[in-house]
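**Q** Residue strings, one per chain:
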Amino acid sequence: MARPASRAASRNGRSRPAAARTTKKATGRARAQARPAPAEKKRQPPPPPADMRRAAAPAPATGEARSKYVYCVIESEKPLRFGPLGLGAEPSEVTTVNFRDLAAVVSDTPREVIDATRENILAHERVNEAVMRNHTVIPMSFGTVFKTRDDIVELLRAAYEAFTDVLQKMRDKLEFGLKVLWDRDQIVREIEKDDENVRRLKDEISSQSGSTYFARMQYGRMVDTALEVMAERYVGAIFEALRPVSTASRGNKPIGEKMIMNAAFLVTRDQENAFDARVKEIGARFDTLTLKYTGPWPPYNFVNIRLKLERAQGSE
Amino acid sequence: MPVERTAGGTSLIDVLDRVLDKGIVIDAWVRVSLVGIDLITVEARVVVASIDTYLKYSEAVGQVAPVARPVEMPRSSDSLLAENVALRSQLAANESAAAGRRARRRR
Numbered sequence: 038m039a040r041p042a043s044r045a046a047s048r049n050g051r052s053r054p055a056a057a058r059t060t061k062k063a064t065g066r067a068r069a070q071a072r073p074a075p076a077e078k079k080r081q082p083p084p085p086p087a088d089m090r091r092a093a094a095p096a097p098a099t100g101e102a103r104s105k106y107v108y109c110v111i112e113s114e115k116p117l118r119f120g121p122l123g124l125g126a127e128p129s130e131v132t133t134v135n136f137r138d139l140a141a142v143v144s145d146t147p148r149e150v151i152d153a154t155r156e157n158i159l160a161h162e163r164v165n166e167a168v169m170r171n172h173t174v175i176p177m178s179f180g181t182v183f184k185t186r187d188d189i190v191e192l193l194r195a196a197y198e199a200f201t202d203v204l205q206k207m208r209d210k211l212e213f214g215l216k217v218l219w220d221r222d223q224i225v226r227e228i229e230k231d232d233e234n235v236r237r238l239k240d241e242i243s244s245q246s247g248s249t250y251f252a253r254m255q256y257g258r259m260v261d262t263a264l265e266v267m268a269e270r271y272v273g274a275i276f277e278a279l280r281p282v283s284t285a286s287r288g289n290k291p292i293g294e295k296m297i298m299n300a301a302f303l304v305t306r307d308q309e310n311a312f313d314a315r316v317k318e319i320g321a322r323f324d325t326l327t328l329k330y331t332g333p334w335p336p337y338n339f340v341n342i343r344l345k346l347e348r349a350q351g352s353e
Numbered sequence: 108m109p110v111e112r113t114a115g116g117t118s119l120i121d122v123l124d125r126v127l128d129k130g131i132v133i134d135a136w137v138r139v140s141l142v143g144i145d146l147i148t149v150e151a152r153v154v155v156a157s158i159d160t161y162l163k164y165s166e167a168v169g170q171v172a173p174v175a176r177p178v179e180m181p182r183s184s185d186s187l188l189a190e191n192v193a194l195r196s197q198l199a200a201n202e203s204a205a206a207g208r209r210a211r212r213r214r
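So the protein lines, in turn, are chains A and B.
In terms of my numbering, the first sequence is residues 38 to 353.
In terms of my numbering, the second sequence is residues 108 to 214.
Hint data in this document are derived by calculation from the structure and do not stem from the laboratory.
Positions of the beta carbon are idealized from the N, C-alpha and C atoms, including for glycine.
Just so you know, not all the hints are guaranteed correct.
[What the hints assert, rightly or not] Stretches of chain B that chain A covers, calculated by requiring three or more beta carbons in the stretch to come under 8 Å of a beta carbon on chain A:
{"hint": "1", "segment": "109 to 118"}
{"hint": "2", "segment": "124 to 133"}
{"hint": "3", "segment": "151 to 165"}
[Said to hold, decoys possible] Listed next, the in silico DSSO-like pairs over lysine-lysine satisfying Cα-Cα at most 27 Å (straight line):
{"hint": "4", "chain 1": "A", "residue 1": "Lys290", "chain 2": "B", "residue 2": "Lys163"}
{"hint": "5", "chain 1": "A", "residue 1": "Lys206", "chain 2": "A", "residue 2": "Lys115"}
{"hint": "6", "chain 1": "B", "residue 1": "Lys163", "chain 2": "A", "residue 2": "Lys329"}
Please model the entire structure based on the sequences and the hints provided.
**A** What follows is the structure in structure tokens.
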């Protein structure tokens, strides 16, 4: 810190008046102060003094200089290890932070905001899927880093009731995704074939006798309505067919013109095969539809726990 | 068309659909500040703002049209009528119970 400031001072000392000298000095000092900050961000320095009192508590050998990325919350009284599956160029060891019978599944990570890159997002999901094989999970949304292990224990303590309750509700349940797409043009052709009114309008338009503006408007409206009715009929039938083999379902907004259904189903483990068979039946029954069937997923679509930061009581 | 199930983590779009704002969610700005702050020294803590679980069998609403338009509902009109009857009888029961209470109070 002393070097740039003194250099500025000596250079100024010879030629500049006092006023200029002080400003130069000030910038020199500001620069010197600003310098350590980026370095701190890049390389983790040893724990700063603020951490000292925490260091008195038994800290694991990995050290508190690294933060913890949280993947999900599960039920476990014992610490667990899931192997090198986590975020990082070299996949980090996935372990747990425990509080009573709850465990947060975590891995060490540098103390910085995690970018939502393809690798990171897939690693988040990979860990959730691995943990899910033998545990009921409440998935964490992507990108949550806590500074220390103690902060996670604090979270588990604060949200203990909520987590326990939700884990109970999600016990042995898996999520499956089902997106249904259709070939819109093909369906329109079918509508033109089957619907007499639509067919008549279409003939009228193509015969080009006089203005076709109103005929075209009416045709468009009729086709839209027919498409809507058909989509609803398909979607209704599919939900109806899956209802007996699932616990819950949620319909999300379809994405794009081809998609008519974008749903998630919550299925108990013992109904997984039945659900699977039913989806395949649906695929066979509606051969004009394309089904995108994914899973098992952690129950992302069926749990929403929002956390916020609050000033601790008695800190005024 | 034969349907194959694909594992969750194989499609980035499907993963993104889920991991960004579902499950346990911490506000974006809190997420950023969590990285830097020492929760215990600033005497802040993370608390639950809301919990929602979705355990109903809910069918998709307004799948294709953003606005619900009246469309023919061949099957559900029967169930609507049935529901109507049930509600009416419930209403009648409530009314008679209320009348009973009023009568008792008058006495």
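**Q** Against each hint, give a clear statement of whether it holds in the structure.
**A** Each hint, compared with the structure:
no.	hint	in the structure
1	109 to 118	holds (count 10)
2	124 to 133	holds (count 10)
3	151 to 165	holds (count 15)
4	A/Lys290 - B/Lys163	holds (17 Å)
5	A/Lys206 - A/Lys115	holds (21 Å)
6	B/Lys163 - A/Lys329	holds (22 Å)
Violated hints are absent here; each numbered hint is respected by the structure.
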